[in-house]
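If you read the sequences in order, they're chains H and V.
Numbering-wise, our numbering puts 38 at position 38 of the first sequence, and it's gapless, one number per residue.
Numbering-wise, our numbering puts 145 at position 145 of the second sequence, and it's gapless, one number per residue.
Note that these hints are calculated values from the structure, not bench results.
Small disclaimer: the values here were computed from a predicted structure and weren't measured.
A couple of the hints might just be wrong.
Now the in silico label distances, taken between C-beta atoms and shown as ranges [to be verified]: (1) LYS201/H - TYR131/V: 35 to 43 Å; (2) ASN324/H - TYR157/V: 15 to 23 Å; (3) SER326/H - PHE207/V: 40 to 48 Å.
Quick reminder that beta carbons are idealized off the backbone N, C-alpha and C, glycines included.
Okay, here's what each chain looks like letter by letter:
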Amino acid sequence: MTLMKSLMGATAAVALTAGAALADPALIFDLGGKFDKSFNEAAHNGASRWAEETGGSYNEIEIQSEAQREQALRRFAESGSNPIITMGFGMADPLSAVAADYPDTKFVAVDVNWLDIPNIRQIGFAEHEGSYLVGMMAAMASESGTVGFIGGMDIPLIRHFGCGYAQGAKAVNPDINVVANMTGTTPAAWNDPVKGSELTKAQISQGADVIYAAAGGTGVGVLQTAADEGILSIGVDSNQNHLHPGKVLTSMLKRVDVAVYDAMSAGEDLETGVFQMGLAEDGVGVAMDDNNAPLVSDEMKGAVDKARQDIIDGNVSVVSYYENDSCPALQF
Amino acid sequence: MEKMPKWADVVLIPLISLLLAAILSALVILAIGENPVEAVNLMVTGALGSTYGWGYTLYYATNFMFTGLAVAVAFHARLFNIGGEGQAMLGGLGVAMICLYIPWPHWSIALLAACAGAMLFGAAWAAIPAYLQAKRGSHIVITTIMFNFIAAAFLNYMLVNVMRPQGSQDPATARFPEAVHLPTFQSMFSTAENVVFRGAPVNISFFVAILACVVVWALIWRTRLGYEIRAYGHSETGAVYAGISPVRITIIAMLISGALAGLMAINNVMGEAERLVLNATEGAGFIGIAVALMGRSHPFGVFLAALLFGFLYQGGAELALWTSIPRELIVVIQALVILFTGALDNMVRMPLEKLFLSLRKGAE
Numbered sequence: 001m002t003l004m005k006s007l008m009g010a011t012a013a014v015a016l017t018a019g020a021a022l023a024d025p026a027l028i029f030d031l032g033g034k035f036d037k038s039f040n041e042a043a044h045n046g047a048s049r050w051a052e053e054t055g056g057s058y059n060e061i062e063i064q065s066e067a068q069r070e071q072a073l074r075r076f077a078e079s080g081s082n083p084i085i086t087m088g089f090g091m092a093d094p095l096s097a098v099a100a101d102y103p104d105t106k107f108v109a110v111d112v113n114w115l116d117i118p119n120i121r122q123i124g125f126a127e128h129e130g131s132y133l134v135g136m137m138a139a140m141a142s143e144s145g146t147v148g149f150i151g152g153m154d155i156p157l158i159r160h161f162g163c164g165y166a167q168g169a170k171a172v173n174p175d176i177n178v179v180a181n182m183t184g185t186t187p188a189a190w191n192d193p194v195k196g197s198e199l200t201k202a203q204i205s206q207g208a209d210v211i212y213a214a215a216g217g218t219g220v221g222v223l224q225t226a227a228d229e230g231i232l233s234i235g236v237d238s239n240q241n242h243l244h245p246g247k248v249l250t251s252m253l254k255r256v257d258v259a260v261y262d263a264m265s266a267g268e269d270l271e272t273g274v275f276q277m278g279l280a281e282d283g284v285g286v287a288m289d290d291n292n293a294p295l296v297s298d299e300m301k302g303a304v305d306k307a308r309q310d311i312i313d314g315n316v317s318v319v320s321y322y323e324n325d326s327c328p329a330l331q332f
Numbered sequence: 001m002e003k004m005p006k007w008a009d010v011v012l013i014p015l016i017s018l019l020l021a022a023i024l025s026a027l028v029i030l031a032i033g034e035n036p037v038e039a040v041n042l043m044v045t046g047a048l049g050s051t052y053g054w055g056y057t058l059y060y061a062t063n064f065m066f067t068g069l070a071v072a073v074a075f076h077a078r079l080f081n082i083g084g085e086g087q088a089m090l091g092g093l094g095v096a097m098i099c100l101y102i103p104w105p106h107w108s109i110a111l112l113a114a115c116a117g118a119m120l121f122g123a124a125w126a127a128i129p130a131y132l133q134a135k136r137g138s139h140i141v142i143t144t145i146m147f148n149f150i151a152a153a154f155l156n157y158m159l160v161n162v163m164r165p166q167g168s169q170d171p172a173t174a175r176f177p178e179a180v181h182l183p184t185f186q187s188m189f190s191t192a193e194n195v196v197f198r199g200a201p202v203n204i205s206f207f208v209a210i211l212a213c214v215v216v217w218a219l220i221w222r223t224r225l226g227y228e229i230r231a232y233g234h235s236e237t238g239a240v241y242a243g244i245s246p247v248r249i250t251i252i253a254m255l256i257s258g259a260l261a262g263l264m265a266i267n268n269v270m271g272e273a274e275r276l277v278l279n280a281t282e283g284a285g286f287i288g289i290a291v292a293l294m295g296r297s298h299p300f301g302v303f304l305a306a307l308l309f310g311f312l313y314q315g316g317a318e319l320a321l322w323t324s325i326p327r328e329l330i331v332v333i334q335a336l337v338i339l340f341t342g343a344l345d346n347m348v349r350m351p352l353e354k355l356f357l358s359l360r361k362g363a364e
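For reference, chain V alone in the conformation it holds in the complex:
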């Protein structure tokens, strides 16, 4: 018998956690002498009050959906992939190579190729830690996080020494040709008299991200491979007894995870910057961990959590623009949400479980 109803697990606990984070944040804002009500108001109107705000919120959310799904898939096999950052960086390299060195006639074909390139590069970057975990028992947490640094150094080398246009001071590739620019929401949804999503970077990759959510859901819960991944994640000995190879599942789960993280590059590199810059991923790989934790590793949960973090990012940007709240504090607010929804989950869960148990006893 379940300890508490499903709706409480999925809706009530995150909401209470969020509320706690919000209260603490408000206290912090009060402590530095700013008005928390105004700050929240600014964040909400800035992130959700206009198509422009939504444009940024959804842009960030797209990044977090990809990295969140990446972490979620690995979680199902009880693998902790902290290397989303590096895998997304390498995905960016794949996208940049495909966009720069091959003349594409139309963005749609380029997008397909870029998706393939991003997934290939991201998966390749996850393959080595996966192999080391499966065959040599090197802990995946250590190797993936180390590979983030190697990815940063490799990308730095490529951008500074190889792909940087001659004489340019900026360590970045040249701009991608016009033909591979992805359609933004502005160009897709604006009419002549009503321009929406003006200047916002959200683009067609958002739909790719939603598609990825659906595909991951189908993979995990509707295929034999997904069943094997989940079985392996629940009990390794049980899985081995059932004839599931731990080596195979570890490697496949990590390849899928790396491919999803790499896929983020079609949003930030191809869709937004339209060139590859050094700092392209800017922590989305790590945010993905929080997103997956908060979303309970379910694609729909990841979708919602990614939206929340997109809101926090865009709302935080608006706070930085129009108040004197320092950006360190904005990071604190974002961190509080991660802390309460991800790390301190049991703090809310256990009292709630007790509450529901006693309620049930009272009813019986």
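One chain only, chain H, in its complex shape:
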């Protein structure tokens, strides 16, 4: 290619990018893709709610490879997108390499809370606290004395979910048996409902009668099989109670949608810093609606409300898996 041609190509690319966005927000989905029925989809929901309400538009990309993390950050930053919202802990490392180069751009990192960079809004969720509450409900609803946990890919984040769940269950019934399985060790584990279903059956045969799925799209299979086999399940991230009304005990809410919606609404005036979204901030919680009302006794409700308040007040502390990479209530 001649020099002239490549120069023209470069100008064309710049013109394209300049036309595409001027201070629109941008959203970078993690490898799961925006329709993962879970984490990324929650972000997509938050962003589309913002777009519907304000009539605004935003750029988005579902990255396909690790190398694209930094690429997408730089491309959006150079095109003037602001703020740039990123999903997942995998963006922490690329952000620490890129953010300083674009001091006037604000970045939002969902599921990251350990960076020390001024122009990033870091949003960490206290998944262990929400999981603790659903663990309590599971233990109270269980008649067999065995509850199950099915995780997606075996990574620290999912152990973090399972650890809170086991602590909650043991807080209600110290003798309870918590069975935990991970779906797999590749990203395919996030979207394998068939394997989720098999694991559910395996856990039922071990006596589990309430199963908590923290496994993205795999959880759909868990909830389906639990409903078919007549046991209870617990959904995750979004409110999944409606998937099988009367069969899903509750869902552990992680309000990624609210975090994304708030960030887009704030626009360029976004406040940066580290934001911890726990029970007190309604960043995590348990889903109560008409679909699961018949399953939740007043006693259960009372216990959960009390525990929630105790955790907020600091009377009960839920150990995070991250503290020393191990869980007091569950072996992985």
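Chain H is fixed; fit chain V onto it per the hints.
Quick look at chain V alone, frame taken from chain H:
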């Protein structure tokens, strides 16, 4: 007598296949209501229109060259190595161990050691399926693909439980020290007033990949071992008659293949990420199969095919960034190219052969 001239075999058939894939892709893009001309334009300018685009295209191409060569070498011995993915993962582990646990004074020495480590780990991962094929007759396709899963599980265990820095939520190793960071094209070719390849991950491993192409060419066509590999690939009974040991050739070919796949790690792990992440190979091992098929298992063909796939990857990324074409569709476009150039080769070849035969008859 050849059925058709060499140039038609090497140039015309891939071009026609590509054209067919492009036409189908354009129809698919039309069907979802986007403009195919704009999409192609975006892909071309995005991947080839600037040094930045080239930087990514060549980065991906480097990965595919290594895995493509790996598959090609095994092909010559008529072994179908589907385990490039797992071998590259293990290569990454080797690179990470060498970069993290040994203090290197300079990147150049570290690169040599990392190459050795990557090749050793990749070859070791290919050695077991090779042994099982050679001695026990367990089919290499089955064992290598199974070993991909074992590699993923092993890497997951190592990253989550062993190599992850204490308290880190990300299942990845710590960053490699500054001293082992490979020079990127940006630092090699930029001048003070003219920054080229800005932010792009392409690095010195690209030249290692080209060197690997040359070495593989020399190995296959200019050495006794290469002759034995090709002879064994053409006819096992013939090779045995000529005194070539099938066990030896199977194992050696697979070791070389595994080493080449493992060598990819110097590009993606040492050159780009500068740490080992869980999903480091992201399918390059499988793309290598398509690259080798399309490149007719010749190193130069592999080089060209790797460039094409690098273009598709980077062009696809640009499409994802600036249009609302969903990424699944980008995968469809990439798959169409693989389908037409790799799997449906005969669909183009047979009519062409007939055409050339009839032309020749007409001339006689």
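Do the hints match the structure? See the list:
{"no.": "1", "hint": "LYS201/H - TYR131/V: 35 to 43 Å", "in the structure": "37 Å, holds"}
{"no.": "2", "hint": "ASN324/H - TYR157/V: 15 to 23 Å", "in the structure": "19 Å, holds"}
{"no.": "3", "hint": "SER326/H - PHE207/V: 40 to 48 Å", "in the structure": "45 Å, holds"}
Of the numbered hints listed earlier, not one is contradicted by the structure.
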